[in-house]
Amino acid sequence: MALVRVLIAGGGTGGHVIPALAIARELRDAHGAEVRFVGTARGLETRLVPEAGFPLELIRVGQLKNVSVVTKLRTVADLPLGVMRCVGLVRSFKPDVVVGVGGYASGPAMMAAILLRVPTLAFEPNAVPGLANRLVGKWVTAAAVNFDGTRSFFREAKVTGIPVRREFFEVGAKTTGTARRLLVFGGSQGARVLNEVLPKIAARLLQAIPGLEIVHQTGGRHEVSTKELYEQAGLTAEARLRVQPYLDDMVGEFAQADLMLCRSGASTMAELAAAGKASLLVPFPQAADDHQRKNADVFVAAEAAELIVEADLTEDRLLSALRGMLLDADWLKEMGERARGLAHPNAVEEIGEMVVGISR
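1 is the number of the first residue of the sequence shown in UniProt numbering; add one for each residue after it.
Since the hints were made in silico from the structure, they are not lab data.
Beta carbons are placed, not taken as given, at the ideal position from N, Cα and C, and that holds for glycine.
Careful: at least some of the hints might be erroneous.
Pairs of lysine-lysine residues, derived as DSSO-like cross-links and limited to a Cα-Cα distance of at most 30 Å, are as follows [to be verified]:
#1 LYS158 - LYS138
#2 LYS333 - LYS138
#3 LYS200 - LYS138
#4 LYS200 - LYS333
#5 LYS200 - LYS294
#6 LYS227 - LYS138
#7 LYS158 - LYS200
#8 LYS94 - LYS227
#9 LYS94 - LYS138
Simulated restraints, written as ranges between beta carbons of each label pair [what the hints assert, rightly or not]:
#10 SER92 - TRP139: 43 to 53 Å
#11 THR314 - LYS94: 35 to 45 Å
#12 GLN189 - ARG242: 54 to 64 Å
#13 ALA179 - GLU334: 47 to 57 Å
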């Protein structure tokens with residue numbers, strides 16, 4: 001019989017689901033917990049959770065942020081049904097703790113747990129909580145957050161950081177080659193603005209920095225169009241350029257990179273910190289509550305990254321920023337060390353202890 005039962009609620013994107021799975025594995029393997037998930041039919045949890053071997057229950061709940069009035073009204077109408085569905089799930093599973101990781105299903109499940117007086121833990125990876133965690137923040141039993149400034153949104157909040165694969169913490173100095181390497185990525189979906197602007201300046205950047213290598217992850221949807229832009233720039237057969245839709249060994253790519261050009265989602269920021277890598281951040285402007293900009297601001301304030309908002313990402317601005325950073329090896333090293341200072345190597349263990357500690 002399990003020592004503790006935990007219901008993990010939320011999902012949607014990899015930024016929610018992947019840390020949630022890390023927490024689930026820690027609870028199962030280190031604490032003998034029985035773990036179940038609650039999610040929605042349209043999130044990544046429908047694939048990733050069953051693949052990881054955990055049961056998944058689905059509820060119906062929609063979006064409230066950055067959607068049409070019709071969608072908002074439909075979501076508001078569905079919300080009571082979602083909460084009642086979660087009340088039934090909590091009563092049948094009888095969890096000792098409900099963990100909300102943000103995303104569509106998190107709000108209804110956390111509300112149900114609070115109504116039934118089941119201990120709750122909110123996990124919030126962003127500098128500013130999403131809507132679900134803001135709604136329940138002052139009612140939850142405890143919260144695990146990534147940034148110190150986020151603690152004010154919750155009761156009994158502790159800065160734990162985000163669970164990151166152990167291999168990222170083992171990334172050290174480059175093991176091969178002396179050439180500078182720029183790693184460009186925008187998550188699994190890619191970042192359209194990076195895919196459009198970088199190919200237009202790549203030839204000038206390669207010319208300005210002898211020996212520079214560029215590795216560019218486009219995302220599957222943007223592979224063809226991005227390669228066409230590089231071809232138009234005359235870089236079709238350039239040995240110093242590698243363009244791929246996906247990068248299978250991201251830890252290895254981090255290890256060989258000197259500078260990252262990327263978005264500033266919470267998981268990306270945690271990986272940059274764990275690996276101690278300098279970065280030029282271009283936050284996704286449509287992120288809910290502009291949380292990517294606020295994540296980036298924390299690193300910029302610590303001099304662990306530089307920032308260009310997407311509205312200002314002209315060819316000349318990007319070329320100037322990349323050239324200046326890549327030519328200053330000492331600054332890249334210092335920036336990486338400051339980034340590592342923001343890392344939390346024991347995040348998943350601390351979160352697991354918090355969950356068990358509040359269990360009824």
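Discussion item. Checking each numbered hint in turn, tell me which of them this model violates, lowest number first.
Written reply: Violated hints (numbers, rising): 2, 3, 6, 7, 8, 10, 11, 12 and 13; every other hint is consistent with the structure.
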